[in-house]
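Protein chains in written order, with my numbering: chain A, 158 to 265; chain B, 158 to 265.
Incorrect hints may appear among the rest.
Copies of the same chain are indistinguishable here, so a pair counts whether it falls within one copy or spans any two.
Stated by the list, open to error - Listed below are the simulated DSSO-like cross-link pairs for lysine-lysine, each with C-alpha atoms no more than 27 angstroms apart in a straight line:
| hint | residue 1 | residue 2 |
| --- | --- | --- |
| 1 | K229 | K173 |
| 2 | K181 | K202 |
| 3 | K182 | K202 |
| 4 | K173 | K202 |
Simulated from the structure, these hints should not be mistaken for laboratory data.
2 protein chains.
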Amino acid sequence: MGDHYLLNLFGCDPDKLNDEKLIKKLLHDAAYCAKMTVLNFITHKFYPQGVTGVVLLAESHISIHTWPETGKAAVDVYTCGSNDAVIACSIIRAQLDAVDYNIEHIVR
Amino acid sequence: MGDHYLLNLFGCDPDKLNDEKLIKKLLHDAAYCAKMTVLNFITHKFYPQGVTGVVLLAESHISIHTWPETGKAAVDVYTCGSNDAVIACSIIRAQLDAVDYNIEHIVR
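Only chain A is shown next, with the shape it has when bound in the complex (with noise of 0.2 angstroms):
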């Protein structure tokens, strides 16, 4: 069984949501945080604006899709294995500076 995490965050930093080596260095932080092992990762900056990336882990995966134009984020923090996903989801929302997000738990 693994625990998926559905984060969507609001009023974010539309500077820090467009920089894509900070995107990146917030999943890693995130998964170290969580205690999880880092497989591999990917990123992708889109222009004007936008960044969206993947951690893939040995408990499952990390992603974010960032819309700097909304203040908006969408993450989403899948686990098996691992009880500390909600470490993870609170580093990046606190990291994106968000002023409101809702968040989904979902296990599978």
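Chain A is already provided as a structure; the job is to place chain B on it using the hints.
Below, chain B alone, put in the same frame as chain A:
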């Protein structure tokens, strides 16, 4: 607004679930048939078994995690701007010979 489909497959062919090359092709085929634009993709083969992979799309992502030992696969098709996400789900389900499945559609 985006459409996120969480697809859980059961009773899949264990050999297919354990074939990294097949999973890679499957992700690519699903994206292609759903008229999505592939930006990049990564896969990882676990030992003794299991494959995990993600395709980054211009429209968001498709991910898959497989457990050949139980015939299970967990698939996410998250798209912004494509109406054909259900086609991607159907292709993956058919190609892995799933006996049973459930699917959840989340608008986010």
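Verification of the hints:
1. Only within a single protomer do K229 and K173 lie at most 27 angstroms apart by alpha-carbon distance; the minimum there is 11 angstroms, versus 37 angstroms between protomers.
2. In this homomeric assembly, K181 and K202 come within 27 angstroms of each other (Cα to Cα) both inside a single copy, at 11 angstroms, and across copies, at 23 angstroms.
3. Proximity of K182 and K202 under a CA criterion of 27 angstroms is satisfied in both settings, with 14 angstroms inside one chain copy and 24 angstroms between copies.
4. In this homomeric assembly, K173 and K202 come within 27 angstroms of each other (Cα to Cα) only inside a single copy, at 12 angstroms, whereas the closest approach across copies is 33 angstroms.
In this structure, every one of the numbered hints holds.
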